[in-house]
Amino acid sequence: MFLQQLVNGITVGAIYAMVALGYTMVYGVLQIVNWAHADVLMFGTFIGLLLTNVFHMPLFAMAVLAAAFTAALGMSVEIVAYRPIKSGNRRMAVLVSALGMSTFLQNLAQLVFGSSSQPFPTIEKVTYTIGKVTFTNIQLIILGITAIMLFILYMIVYKSKIGIAMRACSVSIPNAKLMGINTNFIISLTFGIGAFMAGIAGICIATYYNAVYPTMGYLLGMKAFAAAILGGIGSIPGSVLGGFVIGIFESLGAGYLSSGYRDAYAFIVMILVLAIRPSGFMGAKHIDKV
Amino acid sequence: MEHILNVKNLHVSYGVVPALRNISFHVDEGEIVALIGPNGAGKTTALHTISGLLKPKEGFILYEGRDISGIEAHKLVKESISQVPEGRGIFPILTVAENINLGAYLRKDKDGIRRDKEWVYNIFPRLKERMNQVGGTLSGGEQQMLAIARALMARPRLLLLDEPSMGLAPVIVEDIFKIIKKINKENGTTILLVEQNAQMALTASHRAYVIEVGEIVNEGCSKELKKDDRIQKAYLGI
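Taken in order, these protein sequences are the chains called Y and Z.
Each residue of the first sequence is one higher than the one before, counting from 0 in numbering that gives the first Met the number 0.
Each residue of the second sequence is one higher than the one before, counting from 0 in numbering that gives the first Met the number 0.
Take the hints with a grain of salt, since some may be wrong.
With a straight-line Cα cutoff of 30 Å, these simulated DSS-like cross-link-like pairs (lysine-lysine) come out [stated by the list, open to error]:
1) Z/K54 - Y/K158
2) Z/K54 - Z/K127
3) Y/K158 - Z/K77
4) Z/K74 - Y/K160
5) Z/K116 - Y/K158
6) Y/K160 - Z/K77
7) Z/K109 - Y/K160
8) Y/K160 - Z/K116
9) Z/K107 - Y/K158
10) Y/K160 - Z/K54
Okay, the calculated bits of chain Y under chain Z, using three or more residues with CB under 8 Å as the criterion [stated by the list, open to error]:
11) 89-100
12) 132-139
Worth flagging that the hints you see were computed from the coordinates, not collected in a lab.
Keep in mind that this is a model prediction, so the values were computed, not measured.
All C-beta atoms, glycine included, are put in the ideal place defined by N, C-alpha and C.
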């Protein structure tokens, strides 16, 4: 049972990690929480559904195209809801704008796609059993895709010139500008990369649970946000770790304690960890040098 | 001869609070010019307006004869204006080498970049030793050297320095100013310098302007200003 729940936990954890990265990257660069992130994800997943049902696209092409749409939507959200007000120190205004965008997207989705849960196209399930542990091809594909996404992200953020510029923006936007970095472009790109991964994660989770609905972003987003906080928001490796920790504890809690409280475990873990380490596992500690 | 930088009747405010009131000054090619004055006088504001981080309310900033007021900071780097920000402004999470590379962010000439890297590592051998360390682990003086090296990587014709002496030990301040003078002399880089340390600034610069509460109250050749009674009393503690 332990190993079985661990396998399930790692699968959902991988999805939380991909979503958490979007929160953490945007927070890293702008120090704002993009509350519309999970709703952008939901919208992208619906587009995936549309691409399959109307255009009969194969799963992988659909996933890439839907994620690209999600990225474009994420970038538009930044331009429409954040860019006009983020100049100056108006954090409260940005917060309200973010929540407004979230509500807007949920309602738009209900209007366009209907408010009920719809089945998501999936691939034929193959089940493997090793010892007492069973897992499916879908779980393997999700883990494979997560590994690929994390590798690409690592190469972009830590090995490319754009990545250096992103990390420079996360330290100081004015100082990054003084290097000749077009900071608005980098901010856009950060939203785009975060939303692209969220789009992939949305397709993954819709395939895994075989469902898509307008409020699917709410709990998923909250848990991914908890994962980002747990890992230390702003820290990329921290968010990945946080995602897996939340996924694993959630599955173990559901298996050993009670599955009725499945959604509470993520937040219990978050509260316990933050009580001991307020900056999260890998949160930045600030030191001033003289 | 045309001034490389000519600031005319500049007004800058933060919201409704005026920070600079009708400031005019100029810098000639090859000069080191200092803006000195007490805390809060508007020195950094002046520098930020030139580098494009702030927009002026009124007035002109002519750089090589062209009005650059209101052009965004990242575009001015392409025009060979480079600023070393107040408090160094290095990126502590990036390595020394990455910081240096960022200085050449907009440049495409790989050979030139490589040559310039050798050149700045020559000026600051300490940075070469620490190439793979993250910036946050450097001492204050080394961080200032890194900030200057990084700015030089953009090959500036006009280098803006914001309080290079801030928070550094006197011995290190002397080193930094020696290097500033050397860069000016050997490379011909024009330098506009903002300093609270009037003694150092007046020794290193050719000319200087004194800013108090958003206005220029005195100006002239640095050697002369150093002998000025009022400046000696207010800034040099003599």
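Report task. Hints the structure violates: just list their numbers, smallest first. Result -> Those not satisfied are hints 1, 2, 11, 12.
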